[in-house]
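Trainee: Sequence:
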Amino acid sequence: MMGRRIVAVVLPQLGCELVRQRAHEDHEGRPLAVLFSSGKPGGAGAGEAQDRATATLDLVDEAAWRYGIRPGQRVAEAQATLAELSIQNVSFTEVDAALGRVAEVCLGLGTTASIRLAPEHPDEDKRRGPAGDAPFDTVFLDVTGAAHLVGGEEALLDELCERIHALGHKVQAAIADGPRIARALARFAASPVLASGVALSVRKAPHPTVVARPGARVLGPLPLTAMPMDADTAAFFARLGVFTVEALMKLPRSELTPRLGLRAAEVLDLAAGHDDLPLVPYAPPRTIVEETSFDDPIASVEPILFVLRGMTSRFAARLGARGEACLTLDITIPLDKSITNLRHPGKEPVLALSIELPSPLSDAGDLHRALRAKLERAELFAPAVGVRLEVSQIVEARRIQIDLSRDKAARPDALPALLAELSAEIGQDRVGVLEAVHAHKPEARSRLVPVRDLDQKRAPAGSAELEAAEDRDVPLPTRLFSTPVPIGRITKGAVIAVDNRLYAVESLRFVMRLDGVEWWTSSAASRDYGVAWLVPGATNTKGEASTRAAGLAWVFVDRTTGEGYLQGWCE
1 MMGRRIVAVV
11 LPQLGCELVR
21 QRAHEDHEGR
31 PLAVLFSSGK
41 PGGAGAGEAQ
51 DRATATLDLV
61 DEAAWRYGIR
71 PGQRVAEAQA
81 TLAELSIQNV
91 SFTEVDAALG
101 RVAEVCLGLG
111 TTASIRLAPE
121 HPDEDKRRGP
131 AGDAPFDTVF
141 LDVTGAAHLV
151 GGEEALLDEL
161 CERIHALGHK
171 VQAAIADGPR
181 IARALARFAA
191 SPVLASGVAL
201 SVRKAPHPTV
211 VARPGARVLG
221 PLPLTAMPMD
231 ADTAAFFARL
241 GVFTVEALMK
251 LPRSELTPRL
261 GLRAAEVLDL
271 AAGHDDLPLV
281 PYAPPRTIVE
291 ETSFDDPIAS
301 VEPILFVLRG
311 MTSRFAARLG
321 ARGEACLTLD
331 ITIPLDKSIT
341 NLRHPGKEPV
351 LALSIELPSP
361 LSDAGDLHRA
371 LRAKLERAEL
381 FAPAVGVRLE
391 VSQIVEARRI
401 QIDLSRDKAA
411 RPDALPALLA
421 ELSAEIGQDR
431 VGVLEAVHAH
441 KPEARSRLVP
451 VRDLDQKRAP
461 AGSAELEAAE
471 DRDVPLPTRL
481 FSTPVPIGRI
491 TKGAVIAVDN
501 RLYAVESLRF
511 VMRLDGVEWW
521 TSSAASRDYG
531 VAWLVPGATN
541 TKGEASTRAA
551 GLAWVFVDRT
561 TGEGYLQGWC
571 E
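At position 427 of the sequence shown (counting the first as 1) the number is 427 in the numbering used here, and the numbers step up by one without a gap.
Just so you know, the hints here were simulated from the structure itself, not pulled from any lab data. C-beta: ideal position from N, C-alpha, C; glycine also. Certain hints may be false.
What the hints assert, rightly or not - DEER-style ranges, computed between Cβ atoms:
hint: 1; residue 1: 77; residue 2: 338; range: 17 to 25 angstroms
hint: 2; residue 1: 422; residue 2: 152; range: 21 to 29 angstroms
hint: 3; residue 1: 415; residue 2: 72; range: 51 to 59 angstroms
To be verified - In silico SDA-like links for lysine to any residue, alpha-carbon gap of 25 angstroms or less:
hint: 4; residue 1: 374; residue 2: 302
hint: 5; residue 1: 337; residue 2: 327
hint: 6; residue 1: 337; residue 2: 300
hint: 7; residue 1: 347; residue 2: 330
hint: 8; residue 1: 374; residue 2: 287
hint: 9; residue 1: 250; residue 2: 213
hint: 10; residue 1: 204; residue 2: 161
hint: 11; residue 1: 441; residue 2: 431
hint: 12; residue 1: 347; residue 2: 295
hint: 13; residue 1: 347; residue 2: 331
hint: 14; residue 1: 337; residue 2: 386
hint: 15; residue 1: 170; residue 2: 281
hint: 16; residue 1: 492; residue 2: 511
hint: 17; residue 1: 204; residue 2: 192
hint: 18; residue 1: 347; residue 2: 287
hint: 19; residue 1: 204; residue 2: 13
hint: 20; residue 1: 441; residue 2: 422
hint: 21; residue 1: 492; residue 2: 431
hint: 22; residue 1: 374; residue 2: 292
hint: 23; residue 1: 374; residue 2: 422
hint: 24; residue 1: 337; residue 2: 281
hint: 25; residue 1: 441; residue 2: 521
hint: 26; residue 1: 250; residue 2: 287
hint: 27; residue 1: 170; residue 2: 91
hint: 28; residue 1: 170; residue 2: 336
hint: 29; residue 1: 170; residue 2: 291
hint: 30; residue 1: 170; residue 2: 194
hint: 31; residue 1: 441; residue 2: 512
hint: 32; residue 1: 441; residue 2: 250
hint: 33; residue 1: 347; residue 2: 378
hint: 34; residue 1: 170; residue 2: 330
hint: 35; residue 1: 250; residue 2: 232
hint: 36; residue 1: 374; residue 2: 418
hint: 37; residue 1: 492; residue 2: 509
hint: 38; residue 1: 347; residue 2: 385
hint: 39; residue 1: 250; residue 2: 200
hint: 40; residue 1: 347; residue 2: 296
All chains should be built: construct the whole structure from the sequences, respecting the hints.
Mentor: Below is the structure:
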């Protein structure tokens with residue numbers, strides 16, 4: 001029987017990445033530290049239960065690390081060391097949302113994803129530190145029996161890391177027989193303590209990954225901080241000169257159990273390679289929502305588009321993992337209330353826009369093009385203080401069969417993306433396809449209907465009548481005017497004016513007669529239709545030489561008034 005295989009995806013800089021994603025300016029290279037606010041296990045967040053100066057840092061970025069700033073330092077001490085250090089709060093709501101996005105992407109390569117483990121003890125999720133699930137930076141994925149679909153476990157980890165990296169996260173991953181073993185290996189995947197051997201396959205590039213051989217004891221080289229034991233217990237063993245799991249397991253089991261306390265059985269099982277803790281399945285939300293707020297109000301559209309570019313990129317990754325696409329995008333931009341009341345008293349300080357896409361889209365670039373076209377035409381009547389983007393209508397993505405008969409395949413979403421951009425820019429009621437309908441009047445024989453599914457091929461209504469007309473060798477107009485153009489009396493040899501140009505009627509041929517058609521409406525018509533061969537005159541109505549070539553014109557005479565009209569051209 002095949003044992004289970006679990007992937008642990010660790011995001012070591014998640015808190016710092018969330019701070020940068022919600023800002024409209026790039027803070028790359030600026031020293032940053034993070035305090036987790038509400039929702040932290042063990043009570044209120046550090047910024048709420050303690051004075052900020054005495055709070056301890058939960059996470060620092062690489063720039064702050066190079067200056068000697070470490071997690072666990074007090075805020076006052078860290079600011080004394082580095083005056084330009086930026087300290088930001090990140091809520092656990094943001095962390096859970098980010099882990100949920102990663103879990104959605106992971107589901108494209110596995111069966112069950114989870115953002116936390118089932119607590120082995122009733123009070124475990126109230127603890128903080130190695131014993132619990134902190135620091136809340138890991139997503140788990142059950143890939144039992146799925147690795148061969150992408151070329152093996154190493155190829156699966158590479159593909160998974162690339163997809164998560166596209167969300168804007170630094171990632172380390174490992175695969176092992178259990179979630180806690182995989183998480184411990186993933187957290188030390190970039191550390192020199194792990195090296196490839198019989199039991200482990202370690203790769204540092206392009207992303208640090210570790211593949212553990214099934215059934216092997218692989219935690220031996222790791223430090224004691226990788227095990228579920230509190231800091232005091234780890235410090236006790238360190239004073240004895242025991243720094244690694246391998247050294248710990250060399251001690252007599254009878255002496256270890258009292259020192260490890262309630263977690264003795266768990267520590268010993270993990271060290272022996274046994275990890276049966278179940279995953280708590282993550283259920284993706286039906287609608288996809290992302291929102292952010294700005295520290296300083298924004299008065300122009302371009303910074304908002306910069307933020308939306310990152311949002312659409314994450315949306316595309318999540319939709320791709322689901323195998324779905326979106327039909328409706330809703331943008332909500334809250335505006336500065338005081339400036340809104342000053343400029344537009346009584347107006348709601350919110351700019352709400354909705355984009356109904358003519359065809360389902362899931363590509364990040366296509367979605368951003370539609371958003372740009374819509375926002376560039378919108379009026380930002382007050383500075384924006386945030387932005388919220390929601391995909392409210394999600395459908396199954398279209399499946400395009402791979403074409404192996406050509407060297408270069410046409411991009412299947414090129415036309416839908418163009419239609420989405422046009423729809424956002426000029427309005428969805430002006431973009432569609434022409435549909436033939438049953439009508440007597442030529443100008444009423446077609447109508448514009450919205451495009452919802454480009455793959456659905458419908459036979460135009462009235463095609464049998466059109467084919468019958470072609471069989472009679474009657475030239476039908478290829479371009480019809482929605483409103484006929486009056487041209488006066490129509491007879492052979494008459495001179496008429498069209499678009500300030502003079503034409504002579506060289507020949508005239510009768511085609512058909514409409515006698516009181518659509519009498520039940522207010523626009524009943526009695527017309528004699530014909531085809532006129534028009535030749536250009538020497539000059540136009542302004543005395544200029546005419547340049548339009550001769551051609552067949554579709555004309556009719558109103559039998560009630562005797563006036564002639566130009567209905568279209570037979571080109």
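Trainee: Decide, hint by hint, whether the structure agrees.
Mentor: Verification of the supplied hints:
1. 77 with 338: 17 to 25 angstroms: Cβ of residue 77 to Cβ of residue 338: about 38 angstroms, so the range 17 to 25 angstroms is violated.
2. 422 with 152: 21 to 29 angstroms: 45 angstroms, violated
3. 415 with 72: 51 to 59 angstroms: 56 angstroms, holds
4. 374 with 302: 13 angstroms, holds
5. 337 with 327: Distance of about 31 angstroms is beyond 25 angstroms: violated.
6. 337 with 300: 16 angstroms, holds
7. 347 with 330: Holds, at about 20 angstroms.
8. 374 with 287: OK: residue 374 and residue 287 at ~21 angstroms, within 25 angstroms.
9. 250 with 213: With Cα atoms ~22 angstroms apart, residue 250 and residue 213 stay inside 25 angstroms; holds.
10. 204 with 161: Holds - the C-alpha atoms of residue 161 and residue 204 are around 12 angstroms apart, at most 25 angstroms.
11. 441 with 431: Distance of about 23 angstroms is within 25 angstroms: holds.
12. 347 with 295: 23 angstroms, holds
13. 347 with 331: Holds - the C-alpha atoms of residue 331 and residue 347 are around 18 angstroms apart, at most 25 angstroms.
14. 337 with 386: OK: residue 337 and residue 386 at ~12 angstroms, within 25 angstroms.
15. 170 with 281: Status holds; Cα separation ~23 angstroms.
16. 492 with 511: Holds - the C-alpha atoms of residue 511 and residue 492 are around 15 angstroms apart, at most 25 angstroms.
17. 204 with 192: 10 angstroms, holds
18. 347 with 287: Violated, at about 29 angstroms.
19. 204 with 13: At roughly 17 angstroms apart (the allowed maximum being 25 angstroms), residue 13 and residue 204 satisfy the hint.
20. 441 with 422: Violated: residue 441 and residue 422 sit about 30 angstroms apart, past 25 angstroms.
21. 492 with 431: Answer violated: residue 492 to residue 431 is near 40 angstroms, above 25 angstroms.
22. 374 with 292: 19 angstroms, holds
23. 374 with 422: The hint holds at about 9 angstroms.
24. 337 with 281: 41 angstroms, violated
25. 441 with 521: 13 angstroms, holds
26. 250 with 287: At roughly 52 angstroms apart (the allowed maximum being 25 angstroms), residue 287 and residue 250 break the hint.
27. 170 with 91: 19 angstroms, holds
28. 170 with 336: Since the Cα atoms of residue 170 and residue 336 sit roughly 34 angstroms apart, the hinted pair is violated (cutoff 25 angstroms).
29. 170 with 291: 21 angstroms, holds
30. 170 with 194: With Cα atoms ~19 angstroms apart, residue 170 and residue 194 stay inside 25 angstroms; holds.
31. 441 with 512: 12 angstroms, holds
32. 441 with 250: 95 angstroms, violated
33. 347 with 378: Within the cut-off at roughly 16 angstroms; holds.
34. 170 with 330: 29 angstroms, violated
35. 250 with 232: Measuring from Cα to Cα gives roughly 20 angstroms; hence the hint holds.
36. 374 with 418: Holds. Residue 374 to residue 418 sits at ~13 angstroms (cutoff 25 angstroms).
37. 492 with 509: 10 angstroms, holds
38. 347 with 385: 16 angstroms, holds
39. 250 with 200: It holds: about 21 angstroms lies between the C-alpha atoms, which stays within 25 angstroms.
40. 347 with 296: Measuring from Cα to Cα gives roughly 22 angstroms; hence the hint holds.
Hints 1, 2, 5, 18, 20, 21, 24, 26, 28, 32, 34 from the list above are not met by this structure, while the remaining hints are.
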